Amino acid sequence: MTQSATLSQKFGYRFSWVGMIGLSIMLFWGIIALIAPHIIPHPVGEIVDEDYFGAISSRFWLGSDYLGRDMLSRILMGARYTVGISLAAVSIACFCGVVLGMTAAVVGGWLDAALSRFLDAMNSIPGKLSGLVVVAAVGSSITVLIVTLAVIYTPGAYRFARALAVNINTMDYITVARTRGEGIFYIIRSEILPNITGPVLADLGLRFVFIVLLLSGLSFLGLGVQPPYADWGALVHENVGGLPFGAPAVIVPSLAIASLTISVNLLIDNLPQKIRDRNA
Amino acid sequence: MENLVEVRDLKVEATTDSGRRVEIIKGVSLDIAPGEIVALIGESGSGKTTIALTLMGYTRSGCSISGGTVRIAGKDMVTLSERERAGIRGTEVAYVPQSAAAAFNPAQRIIEQVVEVTRIHRLMPAEEARQKAVELFRALSLPNPETIGGRYPHQVSGGQLQRLSAAMALIGDPRLVIFDEPTTALDVTTQIEVLRAFKSVMKKGGISGVYVSHDLAVVAQIADRIVVLRNGEVQEVGATADILTRAQHPYTRELLAAFEPKPRGEETVVEERKVLLEIKGLSAGYGPIQADGQPLVRAVQDVSLTVEKGRNLGIIGESGCGKSTLARAIAGILPASSGTILFDKSELEGSVRQRSRDHLREMQIVFQYADTALNPAKSIEEILGRPLMFYHGMKGKQRDSRIDQLLDMVHLPKTLRHRRPQELSGGQKQRVNFARALAAEPKLIICDEVTSALDTVVAAAIIELLKELQRELSLSYIFISHDLSVVEAICDEIVVMYGGRKVEEITPAVLKAPQHPYSKLLFSSVPRLDPSWLDTLELDPELVTTYGHR
Amino acid sequence: RATSAHAATPKSGGHLKAAGWSASTADTLDPAKASLSTDYVRCCALYNRLTFLDKSGVTQMELAESVESSDAKLWTVKLRSGVTFHDGKTLSSQDVVFSLMRHLDPDVGSKVNSIAKQITGVKAVDPLTVEITLANPNADLPTILSMHHFMIVQDGTTDFSKGIGTGAFKLESFEPGVKSVAVKNPNYFKSQGPYIDSFEYFAISDDNARVNALLSGDIHLAASIKPRSMKLVESQPGFVLSQTTSGNYTNLNMRLDMEPGNKADFVTGMKHLINREQIQKSVMRGLAELANDQPVSPASIYYNAELKPKVFDPEKAKFHFEKAGLIGQSIPVVASDAATSSVDMATLVQQAGAEIGMAFDVQRVPSDGYWSNYWLKAPVHFGNINPRPTPDILFSLLYSSDAPWNESQYKSKKFDGMLVEARGLLDQAKRKAIYDEMQVMISEEAGTVIPVFLSNVDALSGNLKGLEANPLGGQMGYAFAEYVWLDA
Amino acid sequence: MSTYVLNLIAVRLLIAALTLLIVSFAVFFATAMLPGDTATILLGQAATPEAVAGLRTAMHLDDPAYLRFLRWLGGFLSGDLGTSYVNNVAVADLIGGRFINTMRLAGITTLFSVPLALTLGITAAMFRGSLYDRAVTILTIGVISIPEFMVATSAVLVFSVYLKWLPALSFANDVTSVWQMLQVYAMPVISLTFVVAAQMIRMTRAAVIDTINTPYVETALLKGASRPRMVLRHALPNAVGPIVNAVALSLSYLVGGVIIVETIFNYPGIAKLMVDGVATRDLPLIQSCAMIFCIGYLSLITLADIIAILANPRLR
Ligand SMILES: Nc1ncnc2c1ncn2[C@@H]1O[C@H](COP(=O)(O)OP(=O)(O)OP(=O)(O)O)[C@@H](O)[C@H]1O
Ligand SMILES: Nc1ncnc2c1ncn2[C@@H]1O[C@H](COP(=O)(O)OP(=O)(O)OP(=O)(O)O)[C@@H](O)[C@H]1O
Ligand SMILES: [Mg+2]
Ligand SMILES: [Mg+2]
Ligand code: NI
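Residue numbers (our numbering), protein chains in the order written: chain A, 1 to 280; chain B, 1 to 550; chain C, 1 to 488; chain D, 1 to 316.
The hints are simulated quantities; they were obtained by calculation from the structure and are not laboratory data. From a predicted model like this one, the values you see are computed outputs, not experimental measurements. One should not assume that every hint holds.
Stated by the list, open to error - List of simulated lysine-lysine pairs, DSSO-like, C-alpha gap at most 30 Å: (1) Lys318(C) x Lys281(C); (2) Lys164(D) x Lys231(C); (3) Lys89(C) x Lys33(C); (4) Lys465(C) x Lys164(D).
With these hints in hand, go ahead and build the complete structure from the sequences.
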């Protein structure tokens with residue numbers, strides 16, 4: 001396999017090109033999300049094109065949407081929401097899930113049983129529908145979206161982390177730490193966490209993809225970001241009428257979603273591997 | 001005489017994590033005549049398994065044969081196509097893996113797996129294959145040869161499984177059988193049965209064999225010729241008797257020397273014999289507590305023993321007799337269901353959680369597998385630093401210099417402190433494991449099979465280290481092992497356990513004359529370096545049926 | 001009979017499939033409870049009204065032969081004879097009494113209870129004559145009776161799931177929220193129609209899916225498509241669009257009894273800030289007529305043509321907002337997909353506001369529950385009002401002080417007085433004069449911005465003929481089933 | 001089968017029942033939190049306060065929450081799903097037909113997607129690292145990355161609008177012949193397969209590869225077994241546990257997660273019913289639907305657990 005020798009040597013990690021491509025696309029969208037407000041050519045809500053579902057032109061690089069708004073601006077700003085909300089939600093979900101999962105694995109007994117039952121119960125309610133109910137109950141705002149998505153994906157992260165932590169928990173070094181008299185917090189943070197970060201990160205990546213897609217699904221049900229802003233899923237949905245004409249207004253946001261999710265997947269599948277070559 | 005196997009200038013390369021290629025077998029040549037059994041011996045990582053596998057035309061993933069030829073009955077396994085190789089595997093060359101427990105598919109009945117070779121190569125009808133398998137079971141002196149095949153792998157014992165895997169290898173009537181450490185994982189008492197079975201079958205069939213092991217005494221019983229390996233190179237080749245008596249190469253001599261560790265030496269004179277640990281009527285086990293207050297699985301029952309300050313207690317017994325459980329109960333990992341533990345004159349609580357930090361500090365436990373006992377995500381420095389910080393509140397420079405001291409004590413270079421456990425060799429890992437226990441400045445260290453996973457040379461070095469540290473720090477050890485010679489080398493008293501109970505307590509002085517019949521069987525089963533030992537050994541059949549493995 | 005049928009000659013036969021846009025388990029065949037367009041379509045197919053509105057907005061007789069009064073207070077209704085229900089019973093005055101009086105019973109939960117309240121008594125004089133007494137004179141009664149809720153059902157009906165009426169179709173099956181199938185009524189009292197043999201109706205809530213179903217030939221009619229889908233339908237051969245501009249509108253309401261609507265300058269500012277032309281052009285793609293903040297549509301004979309739409313003038317708006325001291329404050333505006341195009345309109349207002357330093361916080365809330373949780377309640381929110389046949393209904397429903405749906409909490413004694421006065425006048429010219437003034441009052445005083453009247457566009461497959469626009473709404477005032485036919 | 005296994009299975013079932021109890025609790029109180037007063041919604045704008053109060057009492061809306069919960073749970077357990085607030089029909093009647101539709105769609109999708117996913121996953125693992133493996137991997141990643149409404153809408157455009165091969169709508173109830181059924185179900189099933197198969201393929205491949213790396217598969221190789229034999233006879237039987245778990249998780253999506261597909265193809269399933277319920281605040285309906293989804297999920301997961309137990313001879 002090809003690899004950049006200098007990079008590998010320097011960081012002690014082995015990168016594959018595919019993974020690097022994934023990482024760069026992710027970074028690209030991350031940066032776009034950060035600087036979007038400063039680089040959009042038109043305000044996202046402004047109708048600038050007489051026509052609708054306009055084609056790519058020198059004035060509108062990515063065409064115009066169903067109202068004649070500039071698609072480039074809308075996609076750049078959309079990155080903020082899709083990337084931002086998904087990232088926030090996935091971080092919260094994984095943080096809670098992993099902490100709870102490790103605690104359950106280490107403490108065991110009743111706490112483990114109760115947590116597992118409870119989170120299993122939560123997991124059993126389909127995501128889109130619980131999203132629907134929550135938004136119907138408390139209305140839609142970015143915070144609500146993030147919290148809802150996070151809650152929906154916490155049980156999965158919990159299940160995953162618990163399974164890993166249970167394995168680690170049987171290791172002798174955990175017993176050693178216990179016989180030393182260490183507290184639960186130390187065991188979780190210093191003994192278990194470093195050993196499950198790899199798979200947890202991979203899981204986080206996959207969960208990120210699902211959250212992006214669920215966010216799009218929620219947009220389909222009209223529960224997304226507030227106008228004039230829109231996440232990519234909402235952009236696809238509101239412009240899906242342009243699909244028969246191959247309007248960039250629907251193609252480009254779909255590509256944006258695909259590029260983000262594919263790049264995350266590529267990165268997960270090709271995570272930099274730590275070199276364990278003791279003679280190196 | 002035409003050789004069955006001719007290996008010439010074999011080179012095997014492996015690709016490491018960073019993509020670097022390293023040569024792990026560096027030009028090995030060897031011959032095996034028909035009907036001859038050749039042993040490959042050497043320390044762990046010397047390339048024994050790798051060479052054995054190349055005889056099957058196979059390398060583990062990441063490795064590849066980079067040069068040389070491996071001829072089996074004239075065919076070069078290196079250049080054959082994958083199809084042709086598959087045709088030879090199982091019919092001409094067969095393999096008996098190191099761990100039979102792992103080599104059997106847990107989801108299939110044993111008989112299916114044993115006769116699979118005949119099915120793959122369409123050697124004979126299914127019914128005939130079954131018949132043949134049963135015959136082989138009988139030949140390998142397996143109990144219930146007619147029905148044992150109908151079981152699943154987890155339903156038979158380790159020693160039986162090892163023999164069944166030999167049957168699996170022999171059913172295709174191979175001309176060469178490769179045994180990869182087939183008895184290492186077994187008890188001494190079981191090992192004898194297995195070795196005998198192998199030997200007789202091979203003799204009867206006139207089959208050639210390659211026997212891989214790091215145990216010279218075992219090899220001595222079965223091999224005609226011995227090849228000594230180190231770092232992927234042949235050190236010395238010779239007939240078994242020659243190697244044992246007239247070894248030329250220094251490494252071979254080292255191996256021989258390590259086989260008989262130095263005995264305890266003169267006892268350190270302790271002024272007054274003070275009791276450090278006293279255990280009375282200890283029982284422990286697993287599973288839910290029953291009506292009588294005892295757990296379902298009673299792994300340890302009513303054991304009493306004492307350890308004196310500055311003296312060592314050895315615990316021996318077959319696998320599963322409750323040695324580790326006893327250690328765990330003493331350390332408080334598995335709270336005892338009854339009995340008392342007096343440590344340094346004060347009574348200890350049953351469970352770790354209730355014990356005071358000082359009590360925890362003063363009694364340390366060291367586990368068999370350094371791999372699982374050291375957190376792979378932490379550097380050696382962090383691993384050693386934590387108890388210093390936790391028990392003694394050491395920080396910064398003070399801690400750093402103490403870590404250096406500890407590394408020094410266990411004879412490890414200071415440069416190792418930034419490495420992670422997986423970047424160390426087995427012996428090095430075990431030293432770190434030990435240094436961590438020392439960091440607590442304990443009075444008693446419980447060593448649970450600390451040398452069993454190491455090869456003899458390294459194990460001998462660790463034993464020396466333990467002795468040395470004891471002299472310097474006046475520690476006490478509880479030393480658990482199934483290897484008698486090791487216990488003998490370090491302990492002042494020896495407790496023999498069987499079926500969860502203490503059956504006898506002896507001192508090394510009377511080692512040669514144990515009283516309890518089980519102790520007798522155990523002690524007489526330990527292989528000697530003498531090639532004729534196995535053939536002349538006569539065990540009391542009554543003892544074997546009472547205490548041997550079912 | 002039809003040997004060489006001319007294009008304009010109705011053809012008999014065929015199975016018609018049509019799709020509306022909203023359906024739920026709340027679907028009902030009880031005309032009093034009908035609330036969704038799908039309910040109206042079904043009721044129109046199964047039942048008849050006493051009167052109905054034709055395509056030019058003129059009241060025509062259906063089950064009634066005449067509806068007459070001398071003082072607009074006591075009305076006499078003569079029924080058509082020989083009309084039978086699907087189960088064979090003959091229509092009699094008793095059925096009419098039952099059908100009308102139901103709306104007064106609170107347990108029925110009639111949607112037009114507030115309108116029906118003016119009826120004080122309904123009496124069967126003889127089998128074909130009914131007398132209706134009103135609390136106050138109302139010259140519009142014949143038109144009011146053309147509302148979909150006043151369908152005539154059989155006396156004593158409590159279970160409406162059988163859909164037994166006098167209508168052009170008999171019910172074959174009905175699954176709420178899924179679909180209904182009806183077959184031609186061979187004993188229909190009208191000499192013409194229905195032409196189709198059977199009629200299947202259901203809802204496809206997703207706009208694109210509805211259009212795609214039409215284009216793929218699965219259905220013959222896709223009701224109410226969005227402007228953005230027009231391009232697609234137009235680009236495909238063999239499909240036509242049927243446009244109806246009725247009185248349907250989406251409006252922005254500012255409650256006059258709450259911040260910030262209690263500041264008159266805010267309301268005025270908003271009326272200047274709304275860019276009606278852009279809404280007509282970009283949001284509606286031309287499928288709209290400019291409106292002037294009052295609910296009477298240009299199609300109505302009472303429409304005040306003198307009252308011109310306000311001009312989009314951000315500077316003036318800014319002046320008013322400054323006067324109200326609201327510049328720089330963030331003002332929440334609640335919109336929802338439930339109120340057609342309101343989200344897009346809100347975005348336009350927001351954008352226009354941003355240019356003069358007014359911050360509008362557009363809150364898009366889910367469609368479900370919008371009408372019960374936000375509409376009429378939020379300080380600044382969007383509404384969507386369906387066409388009503390008369391100004392009187394519109395005003396009493398939406399703008400009189402005791403109106404049940406007084407969206408902006410507009411309260412004016414003068415207005416209430418004028419409403420009662422006009423209602424009793426049988427002289428049309430005099431009524432128009434009063435209604436003209438009332439339209440001006442609403443436009444100037446109420447907290448309502450009605451930017452445009454929306455056109456409803458139904459997309460039809462080319463072989464569906466006979467569908468004409470109707471002021472009561474799309475799908476021929478929801479009654480298309482009995483008038484259309486399928487050309488080969 | 002030993003009593004030990006029966007015990008294990010009994011424990012699984014007990015756990016599932018316990019979880020269901022927690023779920024019912026959560027479902028009841030989450031839906032009870034929905035805004036909007038049921039009585040007011042039911043009676044409409046014109047309702048008088050007395051009428052509302054009367055209805056509230058009649059519906060026991062004024063009782064304390066725990067009493068309502070117990071009453072509801074009791075009813076649910078005895079098969080009485082309650083009466084829809086909106087149109088006074090028994091919820092069981094509303095759900096009945098739709099439930100069958102949902103199960104039918106889920107069933108057909110399962111029949112189609114599971115063999116497909118398993119075949120792809122297993123063969124990809126078998127020829128790991130080959131061009132074929134890479135193609136499958138890229139395909140699954142691609143499929144995972146497209147929002148399902150895009151898949152469904154594009155499918156309709158291509159197959160219904162342009163090619164006119166398939167109907168754009170899927171009315172399950174009109175099916176009379178096998179050919180018709182194929183037509184009606186083709187697109188929803190394909191769209192759903194896109195959604196659920198990718199995950200199954202990935203997990204199957206990973207699980208099989210995990211077992212391929214075990215010594216007993218290596219042993220099979222050293223017996224001269226071919227790759228297919230190694231994978232099918234040795235690796236696969238031992239990967240059953242993780243695979244059925246992955247399949248169960250994916251399939252649980254088919255019970256409650258198909259709302260978008262139901263919407264686009266106008267398929268009268270239960271997910272759309274629940275969305276309707278949320279829109280009209282029809283609490284008995286919402287609660288019953290949610291419970292059905294949870295039961296579906298739990299049965300799948302429990303079934304997977306049981307299969308995993310039965311497939312493991314160590315436990316038999
Ligand atoms: N895939 C691999 N990549 C890199 N190095 C490898 C690989 N497989 C084996 N090695 C190295 O090759 C050497 C020989 O390994 P081998 O397993 O043959 O030793 P062994 O003598 O059988 O040891 P043991 O007694 O522990 O079984 C070791 O140093 C090992 O680390
Ligand atoms: N967690 C457990 N649950 C139930 N039984 C156990 C458990 N761990 C060990 N046992 C049983 O307890 C008995 C004693 O086990 P223990 O590990 O103490 O043996 P040992 O003498 O250390 O053997 P070895 O030499 O193989 O390490 C064995 O029969 C074993 O099967
Ligand atoms: Mg080896
Ligand atoms: Mg042990
Ligand atoms: Ni939509």
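So, going through the hints one by one against the coordinates:
| no. | hint | result |
| --- | --- | --- |
| 1 | Lys318(C) x Lys281(C) | holds, 24 Å |
| 2 | Lys164(D) x Lys231(C) | holds, 20 Å |
| 3 | Lys89(C) x Lys33(C) | holds, 24 Å |
| 4 | Lys465(C) x Lys164(D) | holds, 23 Å |
Violated hints are absent here; each numbered hint is respected by the structure.
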